[in-house]
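Line order of the protein sequences matches chains A and B. Using the numbering used here, the first residue of the first sequence is number 1, and each one after it goes up by one. Using the numbering used here, the first residue of the second sequence is number 765, and each one after it goes up by one.
Please note: incorrect hints may appear among the correct ones.
As the list claims (entries may be wrong) - Once the Cα atoms are required to be at most 20 Å apart in a straight line, the calculated SDA-like pairs of lysine to any residue come out as: (1) A:652 <-> B:970; (2) B:868 <-> B:925; (3) A:764 <-> A:654; (4) B:1476 <-> B:1437; (5) B:961 <-> A:571; (6) A:375 <-> A:392; (7) A:653 <-> B:1141; (8) A:643 <-> B:961; (9) A:270 <-> B:1415; (10) B:820 <-> A:484; (11) B:1254 <-> A:382; (12) B:1034 <-> A:713; (13) B:972 <-> A:724; (14) A:614 <-> B:875; (15) B:972 <-> A:202; (16) A:35 <-> B:925; (17) A:208 <-> A:54; (18) B:1034 <-> A:649; (19) A:645 <-> B:1378; (20) A:56 <-> B:794; (21) B:985 <-> B:899; (22) A:717 <-> B:1035; (23) A:762 <-> A:645; (24) A:657 <-> B:971; (25) A:724 <-> B:1035; (26) B:1378 <-> A:684; (27) A:612 <-> B:875; (28) B:1381 <-> A:387.
For the record, the hints were derived by calculation from the structure and aren't laboratory data.
There are 2 protein chains.
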Amino acid sequence: MKQFNKQATSLLLAAGMGLAATAAWSADNLADVLKARGLSQQDLLAAAKTYVPTGKRDEFVAFSSGGQSGQVIVYSIPSMRILKYIGVFTPEPWQGYGFDESSKKVLAQGRIDGKDITWGDTHHPAISETNGEYDGQFLFINDKANPRLAVIDLRDFETKQIVVNPIFKSEHGGAFVTTNTEYVIEAAQYPAPLENKKFYPLEEMNEKYRGGVTYWKFDRKEGRIVTKDSFSLELPPYWQDLSDAGKGASEGWSFTNSFCSERYVGGIEKGRPPYEAGCSAKDTDYLHVINWKKAAEVVKAGKAKKINGHDVISIETAVKEGLLYLIPEPKSPHGVDVTPDGKHIVVAGKLDTHVSVYSFEKIQAAIKAGKFESKDAYGIPVIGMKDALHTQVSLGLGPLHTQYDSKACVAYTSLYVDSQVAKWNYCEGKVLDKISVHYNIGHLMTMEGDSTKPAGKYLVALNKLSIDRFVPVGPLQPQSHQLIDISGDKMQLLYDMPLPLGEPHYVVAIDAKKLKPAVRYKVGTDSRTDKPHPGAVRAGEEKIVRKGNKVEVFGTLIRSHITPETIDVEVGDEVTINLTNLERAQDETHGFTVSTYNVHASVEPGKTVAVKFKADKEGVYPYYCTEFCSALHLEMMGYMLVKPKGWKPSAKKELAKGSYTEADYKATVKKVADTQAIIDSVVAYITSVNYKDFPDVVAMVEDAFDQLGKTKGLKEKHEGFAAKKDWENANLWAEQIWQYQVKTADLGLRAKTYLEQNGARKVK
Amino acid sequence: MKQFNKQATSLLLAAGMGLAATAAWSADNLADVLKARGLSQQDLLAAAKTYVPTGKRDEFVAFSSGGQSGQVIVYSIPSMRILKYIGVFTPEPWQGYGFDESSKKVLAQGRIDGKDITWGDTHHPAISETNGEYDGQFLFINDKANPRLAVIDLRDFETKQIVVNPIFKSEHGGAFVTTNTEYVIEAAQYPAPLENKKFYPLEEMNEKYRGGVTYWKFDRKEGRIVTKDSFSLELPPYWQDLSDAGKGASEGWSFTNSFCSERYVGGIEKGRPPYEAGCSAKDTDYLHVINWKKAAEVVKAGKAKKINGHDVISIETAVKEGLLYLIPEPKSPHGVDVTPDGKHIVVAGKLDTHVSVYSFEKIQAAIKAGKFESKDAYGIPVIGMKDALHTQVSLGLGPLHTQYDSKACVAYTSLYVDSQVAKWNYCEGKVLDKISVHYNIGHLMTMEGDSTKPAGKYLVALNKLSIDRFVPVGPLQPQSHQLIDISGDKMQLLYDMPLPLGEPHYVVAIDAKKLKPAVRYKVGTDSRTDKPHPGAVRAGEEKIVRKGNKVEVFGTLIRSHITPETIDVEVGDEVTINLTNLERAQDETHGFTVSTYNVHASVEPGKTVAVKFKADKEGVYPYYCTEFCSALHLEMMGYMLVKPKGWKPSAKKELAKGSYTEADYKATVKKVADTQAIIDSVVAYITSVNYKDFPDVVAMVEDAFDQLGKTKGLKEKHEGFAAKKDWENANLWAEQIWQYQVKTADLGLRAKTYLEQNGARKVK
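Construct the complete structure from the given sequences, taking the supplied hints into account.
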C-alpha cells in the first residue's frame, strides 16, 4: 500500500498535477481516509467532481422556489452549497424584510382583499431571458396559495415588487417567461368564479367556474411588471397546470396543460368518490395552445372584457380570433416543456407511462387546414392527438417533468412513482439511460435547461422525500436535491443535498458568470425603489427633527458607532429612524434594532433604511448594530430614552466622569504610536507586492485608508484637551484614534493574508 | 498518465479498497477531473474527508444560532450540509410556525409588554447536559434584542416554550446550562433600569442602571422552564457578556465576564467620544464569579427581593451571603470558557493579545482566605488578578472565544483581527499552531467542545465576513463557517460553508448518535403541548360542527384526499379547521392552506393541527395539501364555499355527471387487475429477500399494505353500482381502488430499489 502511494504521489507530481506545499498530504493519508470513512473510489470521484476548495467558486447558480417558506433559495452547483434565502412573500428579519419601512411597502403590494398575507407557496422560479437565453437580470416567482407573482432584481437579490392576480383564487403554473421577457406567464389551478368575492355553488362548476392564464407585461428598464398592460385569457374549468413559452419555431405561442378536465367535484364526506378518483378517470386531458402575440393585439384592439378591472379575453373571443386551441394529452400531466429549438412540445402525463412529443409544425398545419377532431364543451377547437404528435415514448411510472441537454435531441424526464430519471432521445423516440433517485422525484432541472441553449453538464433531481438519506431531524424531514453528472453517456449520481427550509418545487440554474450583482449601493439608496432615500444624510449631517409628536432621526452607521448615540423621545411619540451605512467596503453590512420595539434593519454598504414605531412605553431601550461588524461591534450601540410626558432633567445632574490621569493619556498615546508602527509594516508589505492586481485587496486597502482617514483632526483634539489637562477627554479622543487603527489593522491583515495565499509577487 | 492510473486502479483493488461495480470510474477519470477543476492533491484529501455519499450519514450535528433570522440552523459535520431551520422567535410558514393555533400560542408566550415580537436576535445555543456531557434532549437559545429564551425539544426539533426575561432590556450572554441542566444561565448586556417601563436619565447610570444574570430553572421531565422557580442576581452596570457554568472541580459556580466596566456614556452627536472609545479605555474589565448553588438556597430562604414579580438577589445580599466576587480580566473580553475538568477558566480579551487562564483552585483559596485586593464601587470584593491567574498566553490580535480538544490541555482560540485560529496548550501556556481563516472569525466550536468530554476531530470557525469566498449574491453576503481538521498536530482547512440566512453567532455540535428524534407522533398529538389534541379524530369520525356563527371542522389527511372535501360556511363565520394526519409512514407530511386566508399548517404523520380564521369575504376558496405527498398530490384539495348570509340552494341544481359507460368501467376494472399484477410481482421480490433486516423497508412495506388495505369494501361498492348499471359511480369507485394501488406500487418500488441498492440477499 505504502509502496503504491509513494509511487502515486511521485507520478502525480511528475504529471504536473501540482502538490500543495504542505506536509499534511500524502497518498497514505488519502487511502487511510477512504478506508476510515468507508468511501469507494466511485465516491472519491464524486467528491472530486463536487468539492470547491476555499477561494474557488462554483460554476452555476440555482434559484429554487422555497415552497411554503414563501422564499427563494439560492445555491451553487456543483458544491450544492446554499448561498442565500431571499425573502419574497414571507417577512424575513435578517434582511429586514417586513421590518423596515421600504420593504413593508413591497409586502403591502401583496395584500389581498385589504389584508396582509405573510407567507406564500412559491412554486416555479423563472430567470429573465433575452433571445430565449437566460440573461441573469431578474427572477420571477409565483405564490400558488395566494395567487401572486414577485419580481426579484438580481443586481442586489432583493424582492422589488409583488403583484396580485386579479381574477384567480389559486395559481400553480407560474412563472414562465417569453423569449425576451415581454410577458411572465401565470396559469390558474383550481377553477373558481373569476369575479372577486363571488359565490356560486359547486353545482354550477361547468357554467360559472373558470380557469385561465395571465400574461403579466414586464418593463425591463424599470424592472417592474406593468399591471395595466397585462391581460388574461379565460379558460374552461379544467385545472390548468404548468405552462411554457414557445421559442424559435414556436415564438409567439405558449402552451398550458391541464388535468381534471373531467371537471369532477368530489365529496368523500358525502359518500362521493374523492377528487383523486374523479379527476383522473379519463385517459386524456387538454393541452391549451395559445397565440399570445395575437392575444396581446386583440387586447390592444379593445376586444377584452374587464373583470375586477383587469383585461380578460373571453373563451368566445379567443376562439373567434383564433387564439386558442386544445389537444388531448395523456393523463393528468404536470410538465409541458418546449424543446430548445421550439419545434417540439413534450408533455409528461403523471398517470401514464409515456411522454408525448408534439410537433409545433403539425399543430400549425392542423390549425391552418382547419382540421379539428371536435370542439370541447366551450366551443374550443380540438386538434386530434395523432395530427399533432411527433412521437410517444414509454419511460416508466409517473413521468412528470422534462429538461434538455446541450446535446441535440437529448431530454431527461423525472419518474415520480419509479423514483428515477430517464434519459431519452425525443427525435428518435428511444430511452438512453435510467438512474434511481431518493425518493419520489418531482421536478428535475438541467443547467439553463429551460432556455434555447441548455448548458448540459449537471442535472438536479428534486426529490420530495428524503426518508433515510440524512441524519434524522424529527418528523418533519428535509427534501433532497440530488446532483447528477450528465456529461457522459451514463448518468452518475454525485451528491445528496438536504433542503433545510421549505419544500422547493422547482429550480432554475444559470451560469455563474452571467450574474453581475453589486457589492454596494450608491450612498443613500432606497434598495426597494432603487431611488435616493429621503432619509439619507452624509457624515456630519446627522440630526434629530421633532415635529409635534413625530420624531425623525437622520442617522449614520460606520464601524463602530451609530450617530446619534442617544435618542430622546416622550412616551407616545411616533419615531422614525433613518440610517445610512457610510461603509464602502464589501460585506460591511450593519444591522439595527431597538430593544423590544419589533423593528430590524439590514443596512448594506451605501443603503439607507428607515424603521418606524410608536414609543408607547416609558423606559430605557438600548439600540445596537446587529451585525458582528468589527472587534468593537458590541460597543456600536445607543440608548433610546422614552421619558414621561413633560419630564425635565434635574439641573445639577451630569454624566459620571471616568478617573483618567495623565499617565492613562500617555499610555494611550504610546499605544497609538505602537499600533501605527504595526500598520506601517503591513502597508510596507502590501505595497511591496503587486496588490493592485487583486481587486478585492484594492477594495480592502481603500477601506483601510478610509478608516485611518477618520482619525484626521483627532490628534489635535486630544492634544488640545491635554493642554487643558482634561485627561478624560484627552485620553478618550486618543483612544478613539486607536479604535480606527484597530479597524485599519484588521483590514490590512486580511489583505496581507489574501496576498500571501494567492501568490502575490514582489514588485519594485 | 494513463499508465499510472491503470496501475493505481489495480493496486487499489489489490489493497482491497473496493471499486464500485460501475464502468464510469477509472483513475483516468479522477486525474482528468482534478486537472479540469483545478484541484490540488490537498483539495482531494479535503474532499475525501468531508464528502458523505448517498445513503451514508454525517458524524456530528451542529445547532447554530440563526442570528437576526430569529431561528436555529441545524447542519451536519463533516459534510456541512444544512438539515433544518427551526422556527423559534420568527414565524415560519413551512413549519406552520405562527400560522396554526398551537404554534401561535408558543409565539404568544414571547410577547413583551402585551405586543407580538415577530423576530429575535438569536446568539448562543446550548444543548442540555447530564453530568456535564451533552445528552441530546433539549436545545436552548436566547434572543438578545428582546431578552427571551426558547426551549426546543430534540425529539421533534420543535420550539415548545418561550420565556421573557422579566428584568432585562437586552441580553447577550445566554444560553449556558449547568452540568445537569438544573438551570439555564442568561446574562444582561446593556445596562438599564431593572424595573419595567421605568425611565431614569443616563446621568443616573451608576445609581439606577443595572446589569444582571438570570438562572432559569429547567424541569427536564416536563421539558419546560419553570419561571416561578427561576431567579436573577443584580449586577453592576458593567456590560455583562458571555457566561459559562462550572463543572467538575468548579461545579456549583458560574462565571460571567463583562466589558465597558468604565460605565461610559457616549454621545458622539454631542461631541462626546463614542461608546467604542470610552468603553474600551481601561486595560481590564471584571469577571463575575458566582456561587449559583448557594444563590438558589438564598432565594429559597426568602432573601431575594421581587422586581417585576421576579426573585432578584440584590448586590448587597449577594456580597453578604458570599455569592459574588470579581476578578480583573483583560480587555473587553467576549468568551469565558471553563476547561473540561472545570479547573481553569479561560478568558479572551478582544483588545488584548492574551488569553488569561484563571485557576479555580486559586480563586477559592483567595475567597477562603478573604484575600481581596479591593472592592468595586458597589462593594463587591475584587480578587487580585495575580492571585487568580494560572497563566497568560499571547496569541495574537483579537482573541475572542476558546474551545477544547479531546486531547488534554489543548485549546483553540479565535483571533478576530488576525483572522486566525490559534491552537495552544493551557496547562503549559504555549502556542502550538495557527491557521488563517476567511475572514474575521467570531466564535469557534469544537465537537462537544463545551462539555466535560470534548470529542475532538473537527473545529468550525464562524467567520463574520465571507467577502470573496463564494459566488456573489449582492451586497448582503452570506457568512462563512469553515471546517478545520484538528485530528493531527497541524490544523487543516477542509471546507468553506456559506450560511444563507441570518448571521449565526455561535454553534454547538453533538455526536449524531446521541440524537434520537421521532419519525412520527402518536396519532392525534398537539406537538407544541405534547398532549392529545382536542381536535383529533380517527378515520371515519370526520365531522363539521356548527354552533351559532362558529364552524369547527374535524378533518383528516391521507394520500391523497382531505376529508371533508367541501366546507360550507356563511360570510362572517369563525372557522376552525382541525386536521389529523393519518399517515404512519416516515416523511409523509401533509400541509394545508386555504387560498388567501393566510393560514398554513405542516401536519407530520400522527400530528393534529388547527387553523382558525374569520371567513370575512364571500366566494369560493380552494384549500389543498401543500406538500408534494404523492403522484395525486394536486388532487388532494377541496373547496371552502363562503355563502352570502341566508343563501339557499336552488332545489333543481345537481352536480354535473361524467359520461362514463360500461366500457369505461370495464377498462378501469382491467387496469386495476393489471396494476395488481405489478404489485404482486414487487411483493414477490420483496418477500424473496431478507427485507425484514431493513427497518426502513419494513416501514415502507407496512405503509404499502396500509394503502392497499384502504381498498377494502371498494370492490363490493363498485360491483354494486355496476349491478345497478350506475356506470358513473361504478367506474369512479373502481378508479379509487387504482389510486390506492398507485400509492402501494410507489412504496413497493421504493422499497425494491432500496433493497437492490443495499445488498439484500435471497431467503427461502
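For each hint, the structure was consulted:
1. Using a Cα cut-off of 20 Å, the hinted pair residue 652 (chain A) and residue 970 (chain B) holds, with the two alpha carbons roughly 15 Å apart.
2. Straight-line distance between C-alpha atoms of residue 868 (chain B) and residue 925 (chain B) comes to about 11 Å, which keeps the hinted pair within the 20 Å bound.
3. Straight-line distance between C-alpha atoms of residue 764 (chain A) and residue 654 (chain A) comes to about 57 Å, which puts the hinted pair past the 20 Å bound.
4. Annotation: proposed proximity of residue 1476 (chain B) to residue 1437 (chain B) holds, straight-line Cα distance about 15 Å (limit 20 Å).
5. Between the alpha carbons of residue 961 (chain B) and residue 571 (chain A) the distance comes to roughly 10 Å, so the proposed pair stays at or under 20 Å and holds.
6. Between the alpha carbons of residue 375 (chain A) and residue 392 (chain A) the distance comes to roughly 24 Å, so the proposed pair goes past 20 Å and is violated.
7. Of the pairs offered as hints, the one joining residue 653 (chain A) and residue 1141 (chain B) holds, with about 19 Å between alpha carbons and a cut-off of 20 Å not exceeded.
8. Between residue 643 (chain A) and residue 961 (chain B) the alpha-carbon distance is near 10 Å, which keeps this suggested pair within the 20 Å criterion.
9. Under the criterion of a C-alpha separation no larger than 20 Å, the hint pairing residue 270 (chain A) with residue 1415 (chain B) is consistent with the structure, at around 18 Å.
10. A hinted pair counts as satisfied when its Cα atoms are at most 20 Å apart, and residue 820 (chain B) with residue 484 (chain A) qualifies at roughly 17 Å.
11. Distance check on the hinted pair: residue 1254 (chain B) and residue 382 (chain A) sit about 72 Å apart at the alpha-carbon level, beyond 20 Å; violated.
12. Of the pairs offered as hints, the one joining residue 1034 (chain B) and residue 713 (chain A) holds, with about 17 Å between alpha carbons and a cut-off of 20 Å not exceeded.
13. Straight-line distance between C-alpha atoms of residue 972 (chain B) and residue 724 (chain A) comes to about 32 Å, which puts the hinted pair past the 20 Å bound.
14. Between residue 614 (chain A) and residue 875 (chain B), the direct Cα distance comes to roughly 16 Å. Compliance with the 20 Å bound is thereby established for this hinted pair.
15. Under the criterion of a C-alpha separation no larger than 20 Å, the hint pairing residue 972 (chain B) with residue 202 (chain A) is inconsistent with the structure, at around 68 Å.
16. Of the pairs offered as hints, the one joining residue 35 (chain A) and residue 925 (chain B) is violated, with about 44 Å between alpha carbons and a cut-off of 20 Å exceeded.
17. Under the criterion of a C-alpha separation no larger than 20 Å, the hint pairing residue 208 (chain A) with residue 54 (chain A) is inconsistent with the structure, at around 60 Å.
18. With a C-alpha separation of about 17 Å, the suggested pairing of residue 1034 (chain B) with residue 649 (chain A) holds against the 20 Å cut-off.
19. For the suggested pair residue 645 (chain A) and residue 1378 (chain B), the alpha carbons sit about 39 Å apart, so the restraint of at most 20 Å is broken.
20. Among the hinted pairs, residue 56 (chain A) with residue 794 (chain B) is consistent with the structure: their alpha-carbon atoms are about 19 Å apart, no more than 20 Å.
21. Pair hint residue 985 (chain B) plus residue 899 (chain B) holds up; C-alpha atoms about 14 Å apart against a cutoff of 20 Å.
22. As the CA atoms of residue 717 (chain A) and residue 1035 (chain B) are separated by approximately 11 Å, the hinted pair is consistent with the 20 Å bound.
23. Distance hint between residue 762 (chain A) and residue 645 (chain A) is unfulfilled; the C-alpha atoms sit about 66 Å from each other, more than 20 Å.
24. This hinted pair checks out: residue 657 (chain A) and residue 971 (chain B) have alpha carbons roughly 13 Å apart, not beyond 20 Å.
25. For the proposed pair residue 724 (chain A) and residue 1035 (chain B), the alpha carbon gap of about 17 Å is at most 20 Å, so the pair holds.
26. Taken as a hint, the residue 1378 (chain B) and residue 684 (chain A) pair is broken in the structure, with Cα atoms around 70 Å apart against an allowance of 20 Å.
27. Distance restraint check for residue 612 (chain A) and residue 875 (chain B): the Cα-Cα separation of roughly 19 Å lies within the 20 Å cut-off, and the hinted pair is therefore satisfied.
28. Pair hint residue 1381 (chain B) plus residue 387 (chain A) does not hold up; C-alpha atoms about 46 Å apart against a cutoff of 20 Å.
Comparing the model with each earlier hint shows violations of hints 3, 6, 11, 13, 15, 16, 17, 19, 23, 26, 28; every other hint is respected.
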